[in-house]
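Enquirer: Residue numbers (full-length UniProt numbering), protein chains in the order written: chain A, 1 to 339; chain B, 1 to 339; chain C, 1 to 339; chain D, 1 to 339.
Hint data in this document are derived by calculation from the structure and do not stem from the laboratory. Note that the Cβ used here is the ideal one computed from N, Cα and C, for glycine as well. Heads up, a few of these hints could be off.
[Said to hold, decoys possible] Sample of chain D residues at the chain A side, in silico, Cβ under 7 Å:
1. 146
2. 152
3. 200
4. 203
5. 204
6. 205
7. 208
8. 213
9. 215
10. 224
11. 225
12. 237
13. 263
There are 4 protein chains.
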Amino acid sequence: MTQRGTLGVAVIGTGRMGADHVRRISEVISGARVAAVVDVDAERAKNVAAGVEGCTAYTEPAAAMAAADVDAVLIASPGPAHESALLAAFERDLPVLCEKPLTPDAASALRVLEAEQRLGHRRVQVGFMRRYDAEYVKLKALLDSGQLGRPLMLHNRHRNASSPPGFTDAMLINDSVVHEMDVTRWLLGQEITAVTVLRPTPSDVAPEGLADPQFVVLETDGGALVDVEIFVNCGFGYQVQAEAVCERGTARIGDGHAMVTNAAGRWGGTIAQDFVERFEEAYDREVQAWVDATRRGEVTGPGVWDGYAAAAVCEAGVRAQTEGRRTEVELIERPALYR
Amino acid sequence: MTQRGTLGVAVIGTGRMGADHVRRISEVISGARVAAVVDVDAERAKNVAAGVEGCTAYTEPAAAMAAADVDAVLIASPGPAHESALLAAFERDLPVLCEKPLTPDAASALRVLEAEQRLGHRRVQVGFMRRYDAEYVKLKALLDSGQLGRPLMLHNRHRNASSPPGFTDAMLINDSVVHEMDVTRWLLGQEITAVTVLRPTPSDVAPEGLADPQFVVLETDGGALVDVEIFVNCGFGYQVQAEAVCERGTARIGDGHAMVTNAAGRWGGTIAQDFVERFEEAYDREVQAWVDATRRGEVTGPGVWDGYAAAAVCEAGVRAQTEGRRTEVELIERPALYR
Amino acid sequence: MTQRGTLGVAVIGTGRMGADHVRRISEVISGARVAAVVDVDAERAKNVAAGVEGCTAYTEPAAAMAAADVDAVLIASPGPAHESALLAAFERDLPVLCEKPLTPDAASALRVLEAEQRLGHRRVQVGFMRRYDAEYVKLKALLDSGQLGRPLMLHNRHRNASSPPGFTDAMLINDSVVHEMDVTRWLLGQEITAVTVLRPTPSDVAPEGLADPQFVVLETDGGALVDVEIFVNCGFGYQVQAEAVCERGTARIGDGHAMVTNAAGRWGGTIAQDFVERFEEAYDREVQAWVDATRRGEVTGPGVWDGYAAAAVCEAGVRAQTEGRRTEVELIERPALYR
Amino acid sequence: MTQRGTLGVAVIGTGRMGADHVRRISEVISGARVAAVVDVDAERAKNVAAGVEGCTAYTEPAAAMAAADVDAVLIASPGPAHESALLAAFERDLPVLCEKPLTPDAASALRVLEAEQRLGHRRVQVGFMRRYDAEYVKLKALLDSGQLGRPLMLHNRHRNASSPPGFTDAMLINDSVVHEMDVTRWLLGQEITAVTVLRPTPSDVAPEGLADPQFVVLETDGGALVDVEIFVNCGFGYQVQAEAVCERGTARIGDGHAMVTNAAGRWGGTIAQDFVERFEEAYDREVQAWVDATRRGEVTGPGVWDGYAAAAVCEAGVRAQTEGRRTEVELIERPALYR
């Protein structure tokens, strides 16, 4: 570990996803820094490294992993490059966050599985990020609580505004429905035992050669039935919804608002119980905004004038309350510094 | 600045709010660390400092501000202690994040205003954290866009499940409605010119001596009318809602879901346009969870087994799709390491 | 009463409102018929009467009320004509449904009040139709149940897309807010004791001479505080909302969906408990549509072909269920009669 | 036709459904009356007839249909009795509203189909009442408008709180999913070509011998894919939902509020454009309530006191508006007649 326990991360791959992770670790994440970036394109690696203090560029994953200030590896290279990078990380026993897919097929994934077993302990987290989405986390907690009884069915909608050029039927499964496959396994704690894919007549909006939408039915070893509408040219936006149907109620997420349950004769959701729950993220953003501005040598956000104005309005408010009548607020003229 | 530009922060006051900011800066915020904590209660300061690497405890704000590794100050002490701490920070020209209220009354706030003007530049951000709430930010952006025309009225609901012991009528204004006062000024970009406070018969649930709920009407120099229901013993939870009524539509936040607008014959909200917008925070949480677990020497989240299972299900899925029939998934037995 | 107890109604006034009531009684209402219509404009009265079987036209309310087949009176003439029509009905002791306002001012209303007392029994229902709106009825029932405790405040929004030509500030009160005034009295079972009217700077969209929107505060003899946003040029549609704030929860109607309550840590609504509750109105509409079509000599709606197709699909469904496989549906070719 | 064109209806079957139709025609429907009731149970028929003015009891459908004042027939007897009743009606060329199912199987339905063709014109409306539900009607109108493009999929949820004793797997299809089968045919204007039924592990709450829930997939000759969750022991209530997925958007009904669409980057619904649209049903209920009370010799609803109070509050309101200050309302003491 580097000084003060900050985690030095080597980011493998500096394409769209990798570059975004570099930004995230540098600007959002607490307790980590990007110590190395790796890309077969040496120029691109150098450019990304240049923007990060204390970051070295490499073209070989193994070389980056050998660096003294690299404590952990984030793999964001194309899928076919994952296996060798994972094996290299295993050799140095480094913790890994590996973007999905783990590897492009089951055979190669099995090789990684065996390698990690030879290592004797788990080292890899795979990038199924829906498990970290606040709504999915709430749904998982509700299912685990047993409040609604056993889950029987899971209805999913997965919609994209439009598919990128070259998107194929197989990518519908491998790149899109793979998320529902993982979500199913995680939410239900069950393995998937069979898959059926049904297709309506494709939308006229679907690109030539892509049968879009499709409807996928998954069966699990726990006897649950899972259906997935996958529609990657729906036109209106990106929408991911899931509804768990349980023995004593249903719960639905992804409607652009909080989880809604049907149970005991009522539909609805929970109300936050205190300001921490309601405004926790606002506090985080507030302090982060202050730190960021301060590091840039700037002052942003509400200032002393706002504090003074609030005090003056409060004084008028308390007077209005006490005297039971409309009370005017008195403010000095706004000084130049605050205009 | 300390090494690699990390901001060293002195946190003044280690009560509930201060301790929470210490935790936030240490575990959530990127680019800052707690270099010093200050409390008149030396024991409490020491205890808090002990939990943070490289953090020194002080009993005097000025002493902390004099430390070499202190770059900025976060004031979270009780309101009456703010003025002297602010003036001390001005002497060293340090950036300040000052919890609300700036100071307890308009006269003292005015003294701080004058001091900062003598300093010649702005150094203080005041802790009106609603300005950083995602929903308020969206509402502000919508109002600023001019899409709905000029705001004419702002309806606010501010509800707490119950008030803490000793809560008074004046605190309804100074501690609660002060948020709507700041929100009004910020959302509308107007100063408040008059206040009226109305009271229905108090709720039987309200504690002796507190007239709860109350209804506050604010007028602004831009001619807007603002009403605030303040109800601190509503019983059912914490709820903060705002509806802006504009010339060509209204927009409402705080119903436990996204902002809803009324305009052009339709009610509703926006749909995310891509996965970044929808799952950005999930990515942040995923990477933070990985960094935190790794720093603790643990592995959590989806692992290689999950990556393998997803690959196997995808293969079955593509086969099902191609062959047009139900296809069984083949998985090896789950190895001991992943049980 | 006429044969089979059908109520013979004289409709006074055949303007927009009166003509609509004539249509309603003739085509929607069970157990009544329009026996007479009255209008100072003899031509208009004759035209309306011509469209209704057994209906006579008059120019004098008293003349219509004297007719043998008139059992009851519906007054839909302009407000200033109400008093004399009401007094004429009292003379014949006829039941009256009087469109709002009862009369245009308190002094004339008082005269009617005294006249009905001299009559010795109540004969008049006034047309405050919100008391018959399904959502208001639900809200009233919830308040009356005492579940949420005593109502403390009532927030109202009353919005029209645009105001008709010639609309004045006084009409904002007399024609629009009068609905909230009645709703307040009815929902709370309390009399209104004081009124305050506040005005923001008018919308630029408001017509010359109309200060729109306005904000009305009502106080009641039960200590409740009621606020009404009246905005008759909001542009986006017609919207009537009410939120009752009670000691143990709130309930809100008018958002374009069912009543939503906040109570006991949850927001939400009730779920219908059986198909009667959910589809009662569909049954009513179905049978009314059949009666109407039959009286016109037509056949509409689902027919024998639909019944046959449903039977065939059901048979395939039960076979699919029993045999556990996809089953094709067999239909004869669609006969010419059903194309 | 009877006097004034009122339709004389013979109701065949006076069980739950039949008795409810007798009540509906007598009290809700405009322009019809129950002229005859028929039941194999002579006693039951007599009892029902006794409650309706001018209604005769029969035990034979044909006898009732021969009566001079019978203009039309409503068949609500058990399914196996429908065929002979329909054929009897055809002999007299009477219009029929036949409760679902038309007949219990496709073969008998086909015989009815052929008989109606021999008659040479359509005479029968079948009781698929969902086609008259306001939300389904809106969804149908939206699909027919072509605004969202061609429908590709239709997701349905059909949930009952609990199933009646003796409910079987076959009844899941014949009594429950039959509604979605008809809705599919009607909404899409397409015939169903194949059915598949899938089953998760049944809920522990399901009664012995019933596999509940089940998941039904329908295919249509227009290439649409339709899925139906049928869950008749969901515990929490009765819920019928449908979401049409079209080429340019989706539309969903049955969430306990108005239809919600996803299209062009926004979710939401329409706002009523005038008070007629918003309060039409309130007007209908108001006048029906007045007619019903008047026929009973009663006065209900708002009365003269309410009219007077509204006038007095309006006067105070206009004064408050004009003079710009809080104005007290003056009311006389409430007279005994109105207490």
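Enquirer: All hints, please: hold or fail.
Expert: Tested hints:
no. : hint : in the structure
1   : 146  : 12 Å, violated
2   : 152  : 5 Å, holds
3   : 200  : 4 Å, holds
4   : 203  : 4 Å, holds
5   : 204  : 6 Å, holds
6   : 205  : 5 Å, holds
7   : 208  : 15 Å, violated
8   : 213  : 6 Å, holds
9   : 215  : 5 Å, holds
10  : 224  : 5 Å, holds
11  : 225  : 4 Å, holds
12  : 237  : 5 Å, holds
13  : 263  : 5 Å, holds
In this structure, the hints that do not hold are numbers 1 and 7, in rising order.
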